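**Q** Residue numbers (our numbering), protein chains in the order written: chain A, 1 to 234; chain B, 1 to 234; chain C, 1 to 234; chain D, 1 to 234; chain E, 1 to 234; chain F, 1 to 234.
One should not assume that every hint holds.
Same chains, same names: a pair is fine if it fits in one copy or spans any two.
Below, computed lysine-lysine pairings styled on DSSO-like, alpha-carbon distance capped at 27 Å [stated by the list, open to error]: (1) Lys15 x Lys80; (2) Lys229 x Lys13; (3) Lys178 x Lys143; (4) Lys13 x Lys178.
Simulated from the structure, these hints should not be mistaken for laboratory data. Values in this document were obtained by computation on a predicted structure and should not be read as measured data.
6 protein chains.
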Amino acid sequence: MRISGRANNELRKVKIIPDFLDHAEGSCLISFGNTKVICAATVENKVPPFLKGSRTGWISAEYSLLPRSTNVRTEREAVKGRQTGRTHEIQRLIGRSLRTAVSLEDLGERQIKIDCDVIQADGGTRTASICGACVAMGLAIKKMRFKHNPLKNLVAAVSCGVVDGSVLLDLDFSEDSKAEVDANFVMVDTGGLVEIQATGEKSTFNSKQLSEMMEFSRIAIEQIFEIQKEILLG
Amino acid sequence: MRISGRANNELRKVKIIPDFLDHAEGSCLISFGNTKVICAATVENKVPPFLKGSRTGWISAEYSLLPRSTNVRTEREAVKGRQTGRTHEIQRLIGRSLRTAVSLEDLGERQIKIDCDVIQADGGTRTASICGACVAMGLAIKKMRFKHNPLKNLVAAVSCGVVDGSVLLDLDFSEDSKAEVDANFVMVDTGGLVEIQATGEKSTFNSKQLSEMMEFSRIAIEQIFEIQKEILLG
Amino acid sequence: MRISGRANNELRKVKIIPDFLDHAEGSCLISFGNTKVICAATVENKVPPFLKGSRTGWISAEYSLLPRSTNVRTEREAVKGRQTGRTHEIQRLIGRSLRTAVSLEDLGERQIKIDCDVIQADGGTRTASICGACVAMGLAIKKMRFKHNPLKNLVAAVSCGVVDGSVLLDLDFSEDSKAEVDANFVMVDTGGLVEIQATGEKSTFNSKQLSEMMEFSRIAIEQIFEIQKEILLG
Amino acid sequence: MRISGRANNELRKVKIIPDFLDHAEGSCLISFGNTKVICAATVENKVPPFLKGSRTGWISAEYSLLPRSTNVRTEREAVKGRQTGRTHEIQRLIGRSLRTAVSLEDLGERQIKIDCDVIQADGGTRTASICGACVAMGLAIKKMRFKHNPLKNLVAAVSCGVVDGSVLLDLDFSEDSKAEVDANFVMVDTGGLVEIQATGEKSTFNSKQLSEMMEFSRIAIEQIFEIQKEILLG
Amino acid sequence: MRISGRANNELRKVKIIPDFLDHAEGSCLISFGNTKVICAATVENKVPPFLKGSRTGWISAEYSLLPRSTNVRTEREAVKGRQTGRTHEIQRLIGRSLRTAVSLEDLGERQIKIDCDVIQADGGTRTASICGACVAMGLAIKKMRFKHNPLKNLVAAVSCGVVDGSVLLDLDFSEDSKAEVDANFVMVDTGGLVEIQATGEKSTFNSKQLSEMMEFSRIAIEQIFEIQKEILLG
Amino acid sequence: MRISGRANNELRKVKIIPDFLDHAEGSCLISFGNTKVICAATVENKVPPFLKGSRTGWISAEYSLLPRSTNVRTEREAVKGRQTGRTHEIQRLIGRSLRTAVSLEDLGERQIKIDCDVIQADGGTRTASICGACVAMGLAIKKMRFKHNPLKNLVAAVSCGVVDGSVLLDLDFSEDSKAEVDANFVMVDTGGLVEIQATGEKSTFNSKQLSEMMEFSRIAIEQIFEIQKEILLG
């Protein structure tokens, strides 16, 4: 039995408040239970050097924990003078995921930068960031009134893990810290996986467990797509 | 006539939501109109090296703009690898101001670190940070149930400026960007100034204008003390 | 048909030269075809701060590309003054993988640092690094003559991908750069997965393709275990 | 009674040696008693990116303490790899102050960089830097023989404080370290304040004390203008 | 008597394996006994800013120790975030030495970057790097089929020192660490010195010892030129 | 004929003003013609980690150019966030040279840090720094009234070069920039060389030229010893 009373395959309450910020071209506040992330999309008419003159756009992401989003204060990366390995890993994952939702040709020579700032962390910050970032990016693209909409599909993600031998969906921090296996699944709403990261630090896992985690995640991600669509299509 | 319709000596709507974060020892979300800052207080049983063994505590502050708190995206300092001069200047001011509210001897060999993260910027972020930081710190101190309360007094701040020859209180961003003179006043509720910073980049100012700005600020800060007291004493 | 003439499920020639360096406690040169990595294990009688006094050891890894290991020169990270996100991501993966091979309690309060320096890069440098790092670490542990051998099992890894719709094992650089899906599998010789990273940047993938990649990888990793055993047990 | 025997409103001996350096376009060595600062002005035909094409110039300043300018050696910022918050704060103040003395339009698309290097520190290094920087800049501008002299007025500064309840002008280090209130006043010779920074770390202050400090400073700054004029107009 | 059994004026076995790397325009693995360095030359059609438009080329070098090239692990400079003073000193020496071998006018507006990565260190890594770098650069130049060969001459180097009062050629690590005097000589094959660095940290030296070291080095460098010629002219 | 009218083997006017700074334990301003360097010695009761508990002291040096010490402004290293290779090379040379003048055992577990800050640069700044640093260190040691004076001997240095085929002593900047060969000699007053650095970037040199440079330098350094002795023994 989970402390929260949730069923093993049950998501926490997912809420997305669109247009959370006045200045960003697109933005939202996303929460998965107590995990809260501000996602903001910025559109720039300038691409990274490797794309200059290519008529192709780019999507990139940055991720950060507010120092007291965490139980024990996390030192501010601006003070340390460098981003940690974990931050690099997460923001690369968010960027890769978002690029699967967009036709970079239709975007044209523009860059969308997504900022995911975690206000409160209770497990699953990277998957919540992907879900919110897709909405922020979608809102920004909508405002630009493209002839050919570059947003080809939606992208969403959820975490899943094995705790005391049971597969559990959408781990909160207390579950995550004792999980034997920890996995993140990213999918698009046209049906298909775009990223799996599964890690067994305390134990190994087998393909049966992987399948079960994938199945839990597939169904949960469908529910997240519904919430995203309500905002972007509503 | 101000675009917002405010009188020259009128504050924007000031709102403080206490206990905004689950994990911090003390926290709030403070807003001055559209300017919004999350303030979080962390208590550590460890002081900076220069105070080791002194039986005396310390208060320090860190300040940051979320990249899309601003109209044009502000580059993330963690990515640049260093904090800007402006950030250094502001967090030193916040720290200094807070230390005037506390008996560091009564605090004992502990450090309180205040994080001020600006979610949305519309002028006056440093003065809003001081007002919110005082509440976050006050809430954290309250929880520690000291015999001798180290919180000696409250501290609050407001900005004031000269725009088109008129003294205006609590400038928003559009007023701030065309101000001839820009000033910040920090006061304690036991009556007294703890910091004045007044700058005339586009024009000089005289002592009459300074007095008028000081008077506007004094009255406004009294109102802020009322809001702080309601939360800390209520 | 692959340019190299290999079958879709065929590994490149894997060769491990043990004791490649005079000074390291354990070392090897591993090659997967033209990909060549020097792996060196250093044993230190000192653990990271979070483990001090815990009677538990730690394994960490560092990874680097020599500037001309790559076709186009890669700028030296020491000159740039920071490691890239890709480097952080890879060295975290290597460290996590190695820790699944060792009882950190039996290791005692010691740290083994593994350096993986890529001399020549032709695809699969991170998986080759894991395979070689396991040997370097195994040789270092062997020399220490523990009563209870902390090396519980072997760990190895291989890359797999989808190119033009076909699942191919152990991609070289030319295959990797046009792959629709790119995956890395890490397993232990006691049977079980310890990490999957599967990414579809140009296309999505389904669970059937994932299963096929996993099956190809499982068989290939068995072959790598044989080569590791010959050195460590021979 | 002050240790130095000075009256409360008495400046230390102020001396300016113009053209102290062979290579700089303008330079001087300024001393306020034992505080000594080398000020050098460099003229560059290039402005910061935000002013390109604007036909407008810029003035910026850098400030540094030589390691043994101070009683206890100050670590070299080039070795630490970053400038401290204090340095940032001071060089921003110097730059702002100097820009009030110059018509940036008349300067044209040029940048004047002022270097203030403190050879010996005995209190008041930032205000001495402003006074010397104005001379170095004025000498550099003079050499350029503009049709419309961009130097509109002189700028000078002095520190003032409250020690043991008395207002004292131009604090030396021993007075500064026990001051209850510490203030810096920057004025232009056309009459007018350009910056006030007043801080009470050990105590608060009231508007009467502020007025007295302002009055002491106004008179002292008049004397500094005389010395500046002798060099620049002489 | 030297532990290795070598005569005082005897070089260690010098071996150069050309074309050691697949991707570099020119490369080799050079060994002086147990000291082993990978040298790689990269040709870029772009020069440093100070040479733009000059029709003149440039040669620069970078040097690094692999962490376990040394007996005690050397911390990775990319992790520390900066290159050490020793590294800076060595790579400047290598660059300077190589520039004496090349007509930068005949090279044209191109830059050759030489990477010297020490795989194993047993004394004399900087002089081995110079000898190997000359070969890597020579091979890269050869491939470019210039009308006027910019390689004017060869350059090579050797270390020499005074140990227990005797002049010894080509010190290994154990000799180097107890040497009273440590010197490096760089010469060109057209006859002539291009660099001498002689240091007596534990003792001084006189001109007689300097002459003897220079004579030993001159003869040894002639032998190295023979090995270089065999590869570059063979 | 030299522009300055000096004979080929003639030093510029060398002047040393002792006790130039109030706060340093030992200090001087040294000038070689227009080259001026402030040298300051700091004594700390703390040694670098590798000497803890060894009862042995250490001497280290730091070197910096003031931005406008040079004809074209040199960017401030504190702003760039790192010291250049040239700075590293020079401060290592100064430190090494000074350690030959001192018995580190007699110094005891103390560190003397020497700061050499170049106020004005006109060639020969590193050799002037060594000469001045020896005086600053000597003055600091004198004040400490050791039973066994750890200052065993004096150390001094001078530059020499080949310009248009002639050997010239003590090059100024204009001579230095067209020199074919550039050399620095460091000697102790007990007779003996402690460091030679000779470089031919535009041309090679032979042992005859080296001997002539060494002879010029030997005689000039004798004169510098006289000036040092007058201050330290006078």
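**Q** The structure should be examined with respect to each hint, and the outcome stated for every one.
**A** Here is how each hint holds up against the structure:
In this homomeric assembly, Lys15 and Lys80 never come within 27 Å of each other (Cα to Cα): the closest approach is 33 Å inside a single copy and 32 Å across copies. In this homomeric assembly, Lys229 and Lys13 come within 27 Å of each other (Cα to Cα) only inside a single copy, at 17 Å, whereas the closest approach across copies is 35 Å. With identical chains, the CA atoms of Lys178 and Lys143 are never at most 27 Å apart, being 43 Å at best within one copy and 30 Å at best between copies. Only within a single protomer do Lys13 and Lys178 lie at most 27 Å apart by alpha-carbon distance; the minimum there is 22 Å, versus 40 Å between protomers.
Hint violations for this structure: numbers 1 and 3, all remaining hints satisfied.
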